[in-house]
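*Asks:* Sequence:
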Amino acid sequence: MLGLPHQKPQNTIFVNRSLHLEHIKFYGFDMDYTLAEYKSPQYERLGFDLVKQRMVDMGYPQEILEFEYDPSFPVRGLWFDTLYGNLLKVDAYGNILVCVHGFEFLKHSQVYELYPNKFLQLDECRVYVLNTLFNLPETYLLACLVDFFSNSPQYTWGKTGVTCGDIFISFKSIFQDVRNAVDWVHIQGDLKAMTIRNLDEYVKKDERLPMFLTRIRESGAKVFLLTNSDFKFTNQIMTYLFDFPHGARPEDPHKNWKTYFDIIVVDARKPLFFGEGTLMRQVDTATGALRVGTHTGPMLKEHVYSGGSCDVFTKLIGAKGKDVLYVGDHIFGDILKSKKIRGWRTFLIVPSSFKSFTYGLTNANFSLSFKRWMLCWGRNIKISTRAPKRNPTYRS
Numbered sequence: 000m001l002g003l004p005h006q007k008p009q010n011t012i013f014v015n016r017s018l019h020l021e022h023i024k025f026y027g028f029d030m031d032y033t034l035a036e037y038k039s040p041q042y043e044r045l046g047f048d049l050v051k052q053r054m055v056d057m058g059y060p061q062e063i064l065e066f067e068y069d070p071s072f073p074v075r076g077l078w079f080d081t082l083y084g085n086l087l088k089v090d091a092y093g094n095i096l097v098c099v100h101g102f103e104f105l106k107h108s109q110v111y112e113l114y115p116n117k118f119l120q121l122d123e124c125r126v127y128v129l130n131t132l133f134n135l136p137e138t139y140l141l142a143c144l145v146d147f148f149s150n151s152p153q154y155t156w157g158k159t160g161v162t163c164g165d166i167f168i169s170f171k172s173i174f175q176d177v178r179n180a181v182d183w184v185h186i187q188g189d190l191k192a193m194t195i196r197n198l199d200e201y202v203k204k205d206e207r208l209p210m211f212l213t214r215i216r217e218s219g220a221k222v223f224l225l226t227n228s229d230f231k232f233t234n235q236i237m238t239y240l241f242d243f244p245h246g247a248r249p250e251d252p253h254k255n256w257k258t259y260f261d262i263i264v265v266d267a268r269k270p271l272f273f274g275e276g277t278l279m280r281q282v283d284t285a286t287g288a289l290r291v292g293t294h295t296g297p298m299l300k301e302h303v304y305s306g307g308s309c310d311v312f313t314k315l316i317g318a319k320g321k322d323v324l325y326v327g328d329h330i331f332g333d334i335l336k337s338k339k340i341r342g343w344r345t346f347l348i349v350p351s352s353f354k355s356f357t358y359g360l361t362n363a364n365f366s367l368s369f370k371r372w373m374l375c376w377g378r379n380i381k382i383s384t385r386a387p388k389r390n391p392t393y394r395s
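The sequence shown begins at 0 in numbering that gives the first Met the number 0 and counts up by one.
It cannot be assumed that every hint is accurate.
Okay, derived cross-link-like pairs now, DSS-like style, lysine-lysine, Cα gap no bigger than 25 Å in a straight line [said to hold, decoys possible]:
#: 1; residue 1: 158; residue 2: 106
#: 2; residue 1: 117; residue 2: 171
#: 3; residue 1: 231; residue 2: 38
#: 4; residue 1: 88; residue 2: 106
#: 5; residue 1: 24; residue 2: 254
To be clear, the hints were calculated from the coordinates, so they are not data collected in a lab. Nothing here was measured: the structure is a model prediction, and the numbers come from that model.
Work out the full structure, taking the sequences as your base and the hints as a guide.
*Replies:* Here's what the structure looks like:
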């Protein structure tokens, strides 16, 4: 960290707790937006177009097809208030920092009128957190729809929805329809098929990946893949990611992607995986079908398993919990649940933060202040590591 002035933000690792990698015996990876990085904004635009077409098929106005995806608007982590149809940026305590209705940024007085003390309790019955990169097209479509219905002369606007004649369309019903459309596109629609047909357009490939995983295993640790995607999609994406004429090194022959992992689990259904989970079953890799019965172990290399639970998985691989480092992009499904429920160490991929750093670091004053703060923070971490029994004083 002390070399931060020469460190590119996208290559920086930030730590909020000491981590000794010599204690890590298992390295786990998610696939989507972790090992497989989807190209932005092409991939979000594809999802956006498919969802808006589905909305029209569900009975929404044809004008929706005229919406064009704008990657500069949606950011990960916004709340959608289904009662008033607002997108909210909140802090860690629920205090509202920004409130947007459609594309209208509300003034302080307008926010106070809807939310006393500019505060909203996180209630799953009312608030939906758009916390994944897969949610970006959904975030923008919600803004488009709220803006469209709120400003269309055919509809009369109200706090909780719009009216057209004797028809009332609540913002909550719009949200529910968008959610259903998104789920349909991901599960039954053409998103995966179109991704597979155009891998070069939508998926990034990095020739360093085989060597990266090989070096982890050469250190004595084991590597596992734990993804919510089904085997068919996983196999096609991973085959593409490892499609090089050689193996980990230029002199090594090409190897199937499964050989780079000690354990492979698909259909994990995180965050359910970290709770009660589902039955763990073997996958027939020739057909993609699930084999009858529950798998009771052991977990073999180059075999593929479906579902399961963290409790069963941990026992089968011989892990204790704190000797596992799991890398993912979903702060709730991958990080919080695995850390709080099972004690796994975690590594969060946050590509969206690069935009913030890029914006800030182009400003000379911000850049200088940020670097000074990080240098001070790094020194304090160094002090706390040398003298763990003393409490260092942290200064802003």
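*Asks:* Could you work out which earlier hints the structure fails to respect and list their numbers in ascending sequence?
*Replies:* Going through the list in order, the structure violates no hint and respects every one.
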